Structure formats: structure tokens, C-alpha cells
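Student: Given the coordinates of chain A, assemble chains B, C and D onto it according to the supplied hints.
4 protein chains.
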Amino acid sequence: MKALFLNCSLKKSEEVSNTQALMDEVAKILQTHHVECESVRIADYHIPYGITDDAGDGDQWPEILTKIRNATIVVIGTPLWIGEKSSIAKNVLERINGSANLTDENGQSIFYNKVGGVVVTGNEDGAKNAAASIVFSLNYMGFTMPPEPVAYWLGEAGPGPSFIEAEGIKSEFTAGQVKTMAANLLHVATIFSTNPIPPEEN
Amino acid sequence: MKALFLNCSLKKSEEVSNTQALMDEVAKILQTHHVECESVRIADYHIPYGITDDAGDGDQWPEILTKIRNATIVVIGTPLWIGEKSSIAKNVLERINGSANLTDENGQSIFYNKVGGVVVTGNEDGAKNAAASIVFSLNYMGFTMPPEPVAYWLGEAGPGPSFIEAEGIKSEFTAGQVKTMAANLLHVATIFSTNPIPPEEN
Amino acid sequence: MKALFLNCSLKKSEEVSNTQALMDEVAKILQTHHVECESVRIADYHIPYGITDDAGDGDQWPEILTKIRNATIVVIGTPLWIGEKSSIAKNVLERINGSANLTDENGQSIFYNKVGGVVVTGNEDGAKNAAASIVFSLNYMGFTMPPEPVAYWLGEAGPGPSFIEAEGIKSEFTAGQVKTMAANLLHVATIFSTNPIPPEEN
Amino acid sequence: MKALFLNCSLKKSEEVSNTQALMDEVAKILQTHHVECESVRIADYHIPYGITDDAGDGDQWPEILTKIRNATIVVIGTPLWIGEKSSIAKNVLERINGSANLTDENGQSIFYNKVGGVVVTGNEDGAKNAAASIVFSLNYMGFTMPPEPVAYWLGEAGPGPSFIEAEGIKSEFTAGQVKTMAANLLHVATIFSTNPIPPEEN
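Protein chains in written order, with numbering that gives the first Met the number 0: chain A, 0 to 201; chain B, 0 to 201; chain C, 0 to 201; chain D, 0 to 201.
Hints are computed from structural coordinates only; laboratory data are not their basis.
Keep in mind it's a predicted model, so treat the numbers as computed, not measured.
Glycine included, each C-beta is placed from N, C-alpha and C at the ideal position.
Please note that the accuracy of each hint is not assured.
Unchecked claim - Covered by chain D, according to a simulated footprint, are these stretches of chain B (three or more residues, beta-carbon under 8 Å):
1. 121 to 128
2. 143 to 157
3. 171 to 178
Unchecked claim - Heads up, incomplete: computed chain B residues facing chain D, CB under 10 Å, no partners named:
4. 79
5. 81
6. 82
7. 83
8. 131
9. 165
10. 167
Unchecked claim - Some chain D residues well away from chain B (every beta-carbon gap over 12 Å; in silico):
11. 28
12. 37
13. 49
14. 54
15. 57
16. 62
17. 108
If we strip away everything but chain A, and leave its shape as in the complex, we get:
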């Protein structure tokens, strides 16, 4: 089984990403269960704006889309700006929207029988708002959302250290979310592999 982590940090991979650090905690647990994990820093790719599965002209979304098609677990990670997910996360959701009418050999949307998760890090506020938007968008595009598929870390109101510097992983709350999220993603992904949603009616 494969898991794909789409990191929607505004920074390219030359720079350290707090969101990646928290995503890696989820990946670590999945790997102990023999899930093959891959992380992609979206800011490194050329992903044009638009509601299409392929904008042509050097568009690298098709590469990302192939990775999504090959994965059973897809986790979107985002930082927070003005209490919301990043513009890159919105771009990714728009491109997922633009790809949702693609179907597999049974005529079923390519996002069916996949499970989704969300990871959020921020200085102080907006995790559940960002998560709600991503959970809904994935779910509405055909992903199944297992229980509690979200892990986040935030500091106190106002400017302050980010996840890595603050050693946010020592937060019992966040560490608990990581464990629950990984276990539930894995369980629901596993039962779908033997009990896929049939292609009729969707």
C-alpha cells in the first residue's frame, strides 16, 4: 500500500517546512505497517492555476496526479495564513476538482476507494478551519474520510515559534492525533482494498 503526502507549504524544499515535520510523524507510523510513503513539496513543481487535469505547456500536475492515482492514502499538509489553508493548498484542491471527472476502467471516479487525511501547522490559529475546508473538498471529490483524519499543532495567540522550534511533537495532544490518524487511515484503506465501493450509483 502507498501513502502520498502533498505538502502545500509556500516554501520550496530548500527551506525547512514545519508542516513536513508533522507529516513525517504520520508517515513514520504508516511505515512500521509497511506502507510505502512519499512526500511531495508542491512549491517545487510548476502547477498552473485552473480547473483542468492537464493545462499543457509544462504543467506538472499530471505527475502529481499519477502519484495520487497510485496511492491509497493521500494526506494534504498546509501551513496557516490569516487563519486559513495556503493558496497552494487551494490550488491543489482546484486541480483535484479539475481531475475528478477522470474515471478508471470501471467508469468510477479515480478518487474513489482512496482515504484522505490532513496535517496542519501554524503559529497560532486556524487549524480546524483549514482542516474543514480540506476534509470537505477531498470528501466531496470522492475520497473517504476515516474518523479523526487530522493532526495539527499551534502555539498560543500571536507571533511565536513554529512546530519544530517549539518542539510541538512533545504536545501530548498532537502526538495523540498523529497516532489515531495513522491507525484510522490504515484501517479504512485496508478494508476498502477487499471491499471497494462498487462503481454503480456514483
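Tutor: Leaving out everything else, chains B, C and D in the frame of chain A:
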């Protein structure tokens, strides 16, 4: 299998509810698959504000909670005001939040191994916003969200007729959502009955 | 000049409200500028659900509405549940919506030439999400929003002490918001008193 | 007086924009009051991701920022995708956030004493959700929001014609919003020109 429809209209059941009319369409399909369906008009009950599973003193939330515990499929229906779910829908989600630490005999949250859905009707705007809030809240409290668990109807921007008067069910879009939603709620609820999420790690 | 603080805590006034404690900080500054400040705990009143300015039958919204009509500055305060404003705050906004077609002697909506503000306290997450919803709703109903009309406090992700216990007022960030918010509410309210928005076109 | 319209359509200006068509209706009214109006299609510019006022390396945000500094009225227009503002609108708000600590010669944030507005067009759903996010973000960054600073058009639930094709401007509701919005933007912008918010306390 049982399905529970919680109608969060601001009106009591003396008055016709557009949201109920759309929920009934989902129920009709589930009934053809032998799902026992019950609808509850929350405005008819005395549900005090608060984050608790029982506020005492005539609180009727425990009655609702028993119905939720007995159901495998739980659908929340809401009208739209200022582009958002109703205050009664928020009250219900707060009471679900206040009940999320209750556990079954295995020590697992009572909302696990249940699937959630959302129905929204409004004059003109806010369906996905209301749905995102309800999808996220149910999911975060332990419900699993099958793909596309949402059906809604809206008219054009501005004042206008509501779902029943506008014969919204003739909308191919809304009717398609109803079918997909019912099929996916049923399928995922069924596979959970033989493949429940184990109580460890959550 | 009068300022009205509508506290949408889920608790009645027998219980201490963290949101009130932060609202009081805004009031303190306004009082030094001779603004007459009144706070109302909505949970103490009987405010039925519905989109109406008077539901009859013991409805106490008309009392609240008279206070709003007499005030130039109206601040809504809310705690956070599942990262959102409270159900009581939504009830208040629905009742404001139900009162927005009332007009003064010039035929202008009663909420014009008033300024709005928002105060939010929570354990950990959702302040800007709650504030966005309240800012938009007030603004859309006719209130003017001066710059940065929001003050909030939150602790780190997960359970933890609330505003009073955590001595959140010592947060330089939150204290700065309180000062800016009070100054801007006062300035814009003052210039409206001599330069009201004319009743034509709205 | 100058008004700037930032069109956050995902399409470049070779393609017709429904959002532009509705923005133009607001501009037409402002022009009759001698407001100089300029529209910018953001998708035509190279605006890198990031929370900065100048990312260097061909970043064209500084050009946009100069236009914002010169305008008293700033209107953001957005289409709707999955019931939310576009990724380009979020990018613009992030860049505004990254520019909010710039100050004028009095040490006041450059966004003070400006008024903001929002225009939204979509096929069917999400206008108030997108507007709430933009209203809040502008307001939180220092813009004043006059009453009812929003105009939108939406069709019925599901796929359907867009604003231009549907002749949305014939909607009495939308046309009324355009008039109210233009009048209120103009009035509040005008009173700020003689009664600016003083630089102290913000």
C-alpha cells in the same frame, strides 16, 4: 440497519420543512434497501446549550443521543441563514462534541463505526459552507464520511422560492447527489458492520 | 455614546466567562473616553430560534434589540467550540438578520451608522474563523467595520487553561489588539456621528 | 479619488471573465461620481507565493502594491471553486498580509484609511463564504469595511450558465447590491479623506 435524520430547521414540526423534504428523498432510497429510517425535528425538543451529554433538568438530548447510538447512519439536515448552517445545527454539533468522550463496552468512542451525511436546502447560497462545517465536525468526532455524503438544493442569488415550491427535486444535479449519497452511506455502513475499526489507537 | 457587548458564552451569568473578561478590557478603554458600556449575557435571556425581530410569547430579543438600537458600538463576544463561534452567537446573528429590515424614521436600516467589533476566547483554535463569520454577518447586515475590530486569545493546541486562568491579558499580542480595536471603534463611531451614511441607495 | 479592482479569476485576460463583468457594474456607478477606476487581472501578472511585499526575481506584486497604495477604494473579485474563493484570491490576500507591516510617513499601516469591497460570481454556491473570507482578511489587515460592501451573482444548484450568459445583471437582487455597495464605498471613502483614522494606537 438504522438511519437517523436530524433535521435542524429553525421551525417546529407544525410547519413544513424544505430540508425534511430533501432528507426524505435520501430516506426513500435507503428504505428500499431495508434500512429503518427515523427523522427527528430538533426544534420540537428541549435541547439546552452546553458541551455536555446531559444537562439535566428536562434536557432531551439524552433521548436524541440514544437514537444516535442505535443508528449506523446519521444524517444532519440544515437550512441556510447568512450562508451558514442554522444555530440549531450548531447546538446539535456542540452536544455531539459534549458526548464524544462516551465510550462503548470496548472503550471506543460511541461515534466510531457510524457513517455521517449532510442535507442542505436554502434559497440561494451557502450549501457547501454549511456542509463543510458539518462534515468536518462529524468526522472529527469519530464518524466516517463516505465519498460525496452531501445533497443540497439552492435557487438563484437573492430571495426566491424554497425547495418544495421550486420543485427542487426535479434538479438533475440534486437528484444525482441524493442517489450517490444514499448508495455510499449504505455501502460504507455495511462494510463497517463486518470490518469495524478496532478500538485500539483511537 | 453607548457601547453594547453581547456575550454569547454558552454559560449563564452564574458562571464566570472568559469571553467577558476579555470584553471587559475593551470596555475599560472605551470608558476612559466616556463611552457608556453595557454587557449582556445572552444565555440569561429567552431568545427563541427564528428569523424574526419578535417571536412573541415571552421572546426577549426585543429587549436586546432596543439596546442595540441605542448603542453606536456593538461588540459580539464568543467562545469557540469545534473551532467555530458558539450556537448562541449564531442565534444572535440570525435574530439580527431577522431585524435587518426594520428602518428608522429616514427609512434606513437600523444597523446603519453603527460600528461592530468581535471578541473571541478559546482554549486553542478557531478565533479568526469565528471572527470572520461575525465580522461578515454584522457588515452584511449594515454595520460598518473599522480596521482591525477584533481581539482574541487562544492557548496552544489541545486542552489547556482558558483566558482568565492562563492570564491571557498578559499576552502582548492580545493586549495590543484590545487597544487598536477600542481606538478604531471609537474613531469611526465618532466620525459617523457627524457624517452619517445618507439613507439613499441603501 | 481612485478605485482599484483586483480580479482574481483563474483565467488570463485573453478569456472573458464573469467576475470582471460584475465588477464593471460597480465601477460604472463609481465613475459617474468621478472616481477613477482601474481593473487588474491578477492572472496576467507573475505573483509568486509567499508572505512578503517583494519576493524579488521578477515578482510583480510591487506593481500591484503601488496601485493599492494609490487607491482609496479596493475591490477584490473572485470566482468560486468548491464553494470558496479562488487560489489566486488567497495568493493576493497572502501578499497583502506580507505587506501589512509597511507604513506611511506617519508610521501608520498603508492599508488604513482605505475602504474594501468584494465581488463574487459563480455558477451556484459559495458567495457569502468567499465574501466572508475576503471581508475579514481585508478588515484584519487595516481596511475599513463600509456597510454591505458585497455584490454577487449565483445560479441554481449544479452546473449552469455563468453571470454573463445568464444575464445575471438583470437580477434585481444583484443589481441592488451593486448600487448599495458603490454608494457605501464612496461615502465612507469620502468621509475618511477629511476624517482619517489617526496613526496613534494602531
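Student: Next step is simple, just say for each hint if it's right about the structure.
Tutor: Against the structure, the hints come out as follows:
1. Counting residues of the segment 121 to 128 of chain B whose CB lies closer than 8 Å to any CB of chain D gives 6, so the stated coverage by that chain holds, three being the minimum.
2. As drawn, the segment 143 to 157 of chain B meets chain D at 7 residues by the rule of a beta-carbon pair under 8 Å; at three or more, the given contact holds.
3. Residues of the segment 171 to 178 of chain B lying with their CB closer than 8 Å to a CB of chain D number 3, which satisfies the three-residue condition for coverage.
4. Contact between residue 79 of chain B and chain D, as hinted, is supported at the beta carbon level, the nearest pair being about 9 Å apart and thus within 10 Å.
5. The closest approach between the C-beta of residue 81 of chain B and any C-beta of chain D is roughly 7 Å, which is under the 10 Å cut-off, so the hint is satisfied.
6. Hint status for residue 82 of chain B relative to chain D: holds, with the closest Cβ pair at about 3 Å, below 10 Å.
7. Hint status for residue 83 of chain B relative to chain D: holds, with the closest Cβ pair at about 8 Å, below 10 Å.
8. Hint status for residue 131 of chain B: holds, given a least beta-carbon distance of 7 Å to chain D, under 10 Å.
9. Given the 10 Å rule on beta carbons, the hint for residue 165 of chain B holds: about 8 Å separates it from the nearest Cβ of chain D.
10. Hint status for residue 167 of chain B relative to chain D: holds, with the closest Cβ pair at about 8 Å, below 10 Å.
11. The claim that residue 28 of chain D lies off the interface holds: its Cβ sits roughly 19 Å from the closest Cβ of chain B, which is beyond the 12 Å cut-off.
12. Every beta carbon of chain B lies more than 12 Å from that of residue 37 of chain D, the smallest distance being close to 27 Å; the non-interface claim holds.
13. No beta-carbon of chain B is positioned within 12 Å of the beta-carbon of residue 49 of chain D; the least distance is around 27 Å.
14. Its beta-carbon lying about 31 Å from the closest one in chain B, residue 54 of chain D satisfies the requirement of being farther than 12 Å from that chain.
15. The claim that residue 57 of chain D is not at the interface with chain B holds, since no C-beta of that chain comes within 12 Å of its own (minimum 36 Å).
16. With a least CB separation of 33 Å from chain B, residue 62 of chain D remains clear of the 12 Å interface cut-off, as annotated.
17. With a cut of 12 Å on Cβ distances, residue 108 of chain D stays outside the contact zone with chain B, its closest approach being about 29 Å.
In summary, the structure agrees with every hint in the numbered list given earlier.
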